[in-house]
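Protein chains: 2
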Amino acid sequence: MRRFIAERTKHLIKRNFLTSSNSHRFLASQSSFFSSSPSTSSTIVSPSSMESSSGASNQVTLQSINPKVLSCEYAVRGAIVTQAEKLQEQLKQEPGSLPFDEILFCNIGNPQSLGQLPITFFREVLALCDHPSIIDKSETQGLFSADSIERAWQILDHIPGRATGAYSHSQGVKGLRETIAAGIEARDGFPANANDIFLTDGASPGVHMMMQLLLRSEQDGILCPIPQYPLYSASIALHGGTLVPYYLDEATGWGLEISNLKSQLETARSKGVTVRALVVINPGNPTGQVLAEENQKQIVDFCKEEGLVLLADEVYQENVYAPDKKFHSFKKIARSMGHEEKDIALVSFQSVSKGYYGECGKRGGYMEVTGFSADVREQIYKVASVNLCSNITGQILASLVMSPPKVGDESYEGYSAEKEGILSSLARRAQTLEDAFNSLEGVTCNKAEGAMYLFPRLQLPQKAIQAAEAEHAAADAFYARRLLEETGIVVVPGSGFGQVPGTWHIRCTILPQEDKIPAIVERLTAFHKKFMDEYRD
Amino acid sequence: MRRFIAERTKHLIKRNFLTSSNSHRFLASQSSFFSSSPSTSSTIVSPSSMESSSGASNQVTLQSINPKVLSCEYAVRGAIVTQAEKLQEQLKQEPGSLPFDEILFCNIGNPQSLGQLPITFFREVLALCDHPSIIDKSETQGLFSADSIERAWQILDHIPGRATGAYSHSQGVKGLRETIAAGIEARDGFPANANDIFLTDGASPGVHMMMQLLLRSEQDGILCPIPQYPLYSASIALHGGTLVPYYLDEATGWGLEISNLKSQLETARSKGVTVRALVVINPGNPTGQVLAEENQKQIVDFCKEEGLVLLADEVYQENVYAPDKKFHSFKKIARSMGHEEKDIALVSFQSVSKGYYGECGKRGGYMEVTGFSADVREQIYKVASVNLCSNITGQILASLVMSPPKVGDESYEGYSAEKEGILSSLARRAQTLEDAFNSLEGVTCNKAEGAMYLFPRLQLPQKAIQAAEAEHAAADAFYARRLLEETGIVVVPGSGFGQVPGTWHIRCTILPQEDKIPAIVERLTAFHKKFMDEYRD
Numbered sequence: 001m002r003r004f005i006a007e008r009t010k011h012l013i014k015r016n017f018l019t020s021s022n023s024h025r026f027l028a029s030q031s032s033f034f035s036s037s038p039s040t041s042s043t044i045v046s047p048s049s050m051e052s053s054s055g056a057s058n059q060v061t062l063q064s065i066n067p068k069v070l071s072c073e074y075a076v077r078g079a080i081v082t083q084a085e086k087l088q089e090q091l092k093q094e095p096g097s098l099p100f101d102e103i104l105f106c107n108i109g110n111p112q113s114l115g116q117l118p119i120t121f122f123r124e125v126l127a128l129c130d131h132p133s134i135i136d137k138s139e140t141q142g143l144f145s146a147d148s149i150e151r152a153w154q155i156l157d158h159i160p161g162r163a164t165g166a167y168s169h170s171q172g173v174k175g176l177r178e179t180i181a182a183g184i185e186a187r188d189g190f191p192a193n194a195n196d197i198f199l200t201d202g203a204s205p206g207v208h209m210m211m212q213l214l215l216r217s218e219q220d221g222i223l224c225p226i227p228q229y230p231l232y233s234a235s236i237a238l239h240g241g242t243l244v245p246y247y248l249d250e251a252t253g254w255g256l257e258i259s260n261l262k263s264q265l266e267t268a269r270s271k272g273v274t275v276r277a278l279v280v281i282n283p284g285n286p287t288g289q290v291l292a293e294e295n296q297k298q299i300v301d302f303c304k305e306e307g308l309v310l311l312a313d314e315v316y317q318e319n320v321y322a323p324d325k326k327f328h329s330f331k332k333i334a335r336s337m338g339h340e341e342k343d344i345a346l347v348s349f350q351s352v353s354k355g356y357y358g359e360c361g362k363r364g365g366y367m368e369v370t371g372f373s374a375d376v377r378e379q380i381y382k383v384a385s386v387n388l389c390s391n392i393t394g395q396i397l398a399s400l401v402m403s404p405p406k407v408g409d410e411s412y413e414g415y416s417a418e419k420e421g422i423l424s425s426l427a428r429r430a431q432t433l434e435d436a437f438n439s440l441e442g443v444t445c446n447k448a449e450g451a452m453y454l455f456p457r458l459q460l461p462q463k464a465i466q467a468a469e470a471e472h473a474a475a476d477a478f479y480a481r482r483l484l485e486e487t488g489i490v491v492v493p494g495s496g497f498g499q500v501p502g503t504w505h506i507r508c509t510i511l512p513q514e515d516k517i518p519a520i521v522e523r524l525t526a527f528h529k530k531f532m533d534e535y536r537d
Numbered sequence: 001m002r003r004f005i006a007e008r009t010k011h012l013i014k015r016n017f018l019t020s021s022n023s024h025r026f027l028a029s030q031s032s033f034f035s036s037s038p039s040t041s042s043t044i045v046s047p048s049s050m051e052s053s054s055g056a057s058n059q060v061t062l063q064s065i066n067p068k069v070l071s072c073e074y075a076v077r078g079a080i081v082t083q084a085e086k087l088q089e090q091l092k093q094e095p096g097s098l099p100f101d102e103i104l105f106c107n108i109g110n111p112q113s114l115g116q117l118p119i120t121f122f123r124e125v126l127a128l129c130d131h132p133s134i135i136d137k138s139e140t141q142g143l144f145s146a147d148s149i150e151r152a153w154q155i156l157d158h159i160p161g162r163a164t165g166a167y168s169h170s171q172g173v174k175g176l177r178e179t180i181a182a183g184i185e186a187r188d189g190f191p192a193n194a195n196d197i198f199l200t201d202g203a204s205p206g207v208h209m210m211m212q213l214l215l216r217s218e219q220d221g222i223l224c225p226i227p228q229y230p231l232y233s234a235s236i237a238l239h240g241g242t243l244v245p246y247y248l249d250e251a252t253g254w255g256l257e258i259s260n261l262k263s264q265l266e267t268a269r270s271k272g273v274t275v276r277a278l279v280v281i282n283p284g285n286p287t288g289q290v291l292a293e294e295n296q297k298q299i300v301d302f303c304k305e306e307g308l309v310l311l312a313d314e315v316y317q318e319n320v321y322a323p324d325k326k327f328h329s330f331k332k333i334a335r336s337m338g339h340e341e342k343d344i345a346l347v348s349f350q351s352v353s354k355g356y357y358g359e360c361g362k363r364g365g366y367m368e369v370t371g372f373s374a375d376v377r378e379q380i381y382k383v384a385s386v387n388l389c390s391n392i393t394g395q396i397l398a399s400l401v402m403s404p405p406k407v408g409d410e411s412y413e414g415y416s417a418e419k420e421g422i423l424s425s426l427a428r429r430a431q432t433l434e435d436a437f438n439s440l441e442g443v444t445c446n447k448a449e450g451a452m453y454l455f456p457r458l459q460l461p462q463k464a465i466q467a468a469e470a471e472h473a474a475a476d477a478f479y480a481r482r483l484l485e486e487t488g489i490v491v492v493p494g495s496g497f498g499q500v501p502g503t504w505h506i507r508c509t510i511l512p513q514e515d516k517i518p519a520i521v522e523r524l525t526a527f528h529k530k531f532m533d534e535y536r537d
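Line order of the protein sequences matches chains A and B.
Residues 1 to 537, numbered by full-length UniProt numbering, are exactly what the first sequence covers, in order.
Residues 1 to 537, numbered by full-length UniProt numbering, are exactly what the second sequence covers, in order.
Bound-form chain A, shown alone (with noise of 0.2 Å):
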């Protein structure tokens, strides 16, 4: 396996982050155009449209604008999700008009977007943090739990003047970044600083910023998991950097193996790529996987020995599902080794939107940034200040995410009952749809040990696979476009991801609710059974 990787490598390279023909180079290339993706290619070579034949937007065409943004694909909203928008629309003006009633969108980690409801002591403190004139009266006694109230004035009183309609410091409000440091500690028993968190809307922007200090050019890479969450490819691809891919190894669960990273850093090397930093996405996205301590502590050692920035997507750090795995802080595993802030260069992203919270619209998170110089972390506070703060809900609920009710307090036994349930179902739901997948002809499912998505191989007959080609899309893109056409749900096709050339995915989310799980199974089953049978060979 791991030597079929490493043979396929250069192809996969050029397919996902490669756009010019001169196949023997390695980089995501700033001048590269057109993306290859069979998906959207289309579409971006597509003749200027009639509107831009004419006047002022002759002046902004494609050829004229940024080409990294041109050769930016991010496919967990792209070209199959558009049509799911479509397709919803249409059973609203016509409803019976599909062969469906809904459409079920299981193409992102969304999940109050598909029922799942808010944590009821989070919304309290943040309406009264909204509201605060409501906190003393009455009423609000009667509406709001005690410790919710009590905690919203603890809030207030960290915020300068109570002013929560008021920018922030740049990194956010200080007293909150002491309450996420002092959840850090209580998660990871090591000291944290609130000097040392960065308050963001959502992960995302995080990312970016680091993208943005690391990358000088395209000669500057980031070694990046294979399959992966497109943020990073499509955050490198705008900074004009170079994507280095490793492989996660299916055959083992989605393994990642230390020679696999250390031969992709030599080859980049070899091709004067300077790797300025090694994503690592635990639980994986899309893969699902929880890596063990001792595969934790070989990447620091790697990072370190290399040089490398780590840098942690941690989002999912609450959603663990199996029983034998449990989720550690790559801060926690660094210093568990000794290693101090001189040794290692570690940024680690946390957001409100996963977890059992699932608050995706509320956009909060954090980075906690550690093992920086002084002047470096000046500039990171530079680029953070240009946008004045993270929006105040999103940092208050960042707080409450990491330092939520405890035992004893008003909320904390319906608090327990909300969380728990989420989670158990979530791990009922993964395993549930796991099932269905690995019962399905040609299709193997490895276990979603935590994030919120099952990322199944699909072998698919070859004439499926020419029937695809005829459309100038991927195998896997066909499939879930067709998914999408006769069941109405929505998954994102592997090759948004990355992976292996000639293996096949996509990637569903676990978030229906639970009393849509059957009638979801039994469409996906009719659809692949009938799928199949249209194109045996």
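A hint or two may mislead.
Each pair may be met inside one copy or between any two copies, as identical chains are not told apart.
Taking lysine-lysine pairs in the DSBU-like style, the calculated list, with each CA pair at most 35 Å apart, reads [as the list claims (entries may be wrong)]:
1. K342 with K92
2. K92 with K174
3. K530 with K325
4. K174 with K86
5. K332 with K86
6. K271 with K342
7. K137 with K419
8. K342 with K332
9. K332 with K92
10. K297 with K92
11. K406 with K137
12. K529 with K137
13. K86 with K447
14. K174 with K419
15. K463 with K342
These are computed hints drawn from the structure, not numbers from a lab.
Position chain B relative to chain A; hints supplied.
Frame of chain A, contents of chain B only:
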């Protein structure tokens, strides 16, 4: 005056936007590592700190990060603010240790940080949307106005599944965009389309998005006013383009002359720079002027003729104090001239941070994008989708400011009183501070017709300029630092915005609460007299 400006162009550019010693170059060069801005260069060129001299930190140094990050500057939260924060901490730890009791942050348009209260109706709606499960409880009737409850229901009904915790469409919730489009129509008397609205986390991310789209290399330029709000110089630097300055004429109340625009455009073109867009800030920041309708028409014609995208920063549209001035959006002007979509590409930026609402911490805003071809618009959408969506609280608030309570609504009277109270007070504060500045020796201050700032010009004694030079500081930065240290008043030196070389300014917000203004004027006046006495030639 005009000739003077033209002659000094090169020097200004060299001072503020160039970093190489190669003075004939016109570019905010991507390869320029060091800023020559006196107030901050010492930070940037300082020797590595102790931390950076060992271990992993060696891998990421000022020499190895993206030079675009190094070259970017944002004075509104620059060195002077960092110093102010330290003094604030000192006052907390050792009260009485400084010659003042509090730090007055007049550096930034952040009204609620200085005591402005939020508009009640807006906060009621936000609280209900944050915690919808209280919306139909009986206690809620006693706490919230009837129309805030009704509005919250309307908004929740716009959001699929009423899920305020879900990612929305990448442009923002459709129904909220429709509300905003209706608000624009009501404001302008011309149609607006929800599909043209991109909701953003404040206005800044929209500006970054457009710079990212338009700037391919340092050979691409953006015409920006000087003085300018440094978001523009910062985002141009971060995206590797060239700032092409045009000068506002202080002698005519910061007037904008088309002849100057034209000559600067020609100069840039003669140096091989492709100018992509023109930034206009109206009402002006930091300069406070409100453009006349006739002037706006000339600007529209200029952009149309030259094929430039018009980037209209209209975030201060509700902040007009001069009775003879009125805000007109550039889209209204263009449409009233008969120019349609095909004639001019125009982006209007709006924010919930300014106006009478001043909700900076909510990070809401939008850009209205018109006159781009469908395929380019698709690219803007793609970039927006990489960050998923802006925060929903900010989205809701953006819809509220574009659709506030109307006559007959329960909240209308209270809302109007709050709004008028804030706006009339801002007008009085602007007048009082303008008079105070104009009464100081060697200080001249134009009227703040709009926005939130005064930008007085300081005629500083030669000895003060020399003392500043001895500290490697711009004279206005030196003045601002002394002002902070002796009075606790924080202003931004004019050198952070760009100014005609040899002139010195400070930007001071009009935002301190009215009861504080007399003391501020007294401290400012006493300080200025002492400063002038100390350095009098």
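Tested hints:
1. K342 with K92: between (58 Å within a copy, 32 Å between copies)
2. K92 with K174: Between. Shortest inter-copy distance 14 Å satisfies the 35 Å Cα cut-off; intra-copy 47 Å does not.
3. K530 with K325: neither (37 Å within a copy, 68 Å between copies)
4. K174 with K86: between (44 Å within a copy, 13 Å between copies)
5. K332 with K86: The answer is between: 31 Å across copies meets 35 Å, while 46 Å in one copy does not.
6. K271 with K342: within (29 Å within a copy, 46 Å between copies)
7. K137 with K419: Close inside one copy (29 Å) and across copies (24 Å); limit 35 Å.
8. K342 with K332: For K342 and K332, the Cα distance is within 35 Å only inside one copy (15 Å; across copies 57 Å).
9. K332 with K92: between (50 Å within a copy, 34 Å between copies)
10. K297 with K92: neither (52 Å within a copy, 43 Å between copies)
11. K406 with K137: This pair counts as both: shortest intra-copy Cα distance 25 Å, inter-copy 27 Å.
12. K529 with K137: Neither, since 61 Å and 49 Å both go past 35 Å.
13. K86 with K447: within (33 Å within a copy, 51 Å between copies)
14. K174 with K419: Both: 28 Å inside a copy, 31 Å across copies.
15. K463 with K342: neither (56 Å within a copy, 45 Å between copies)
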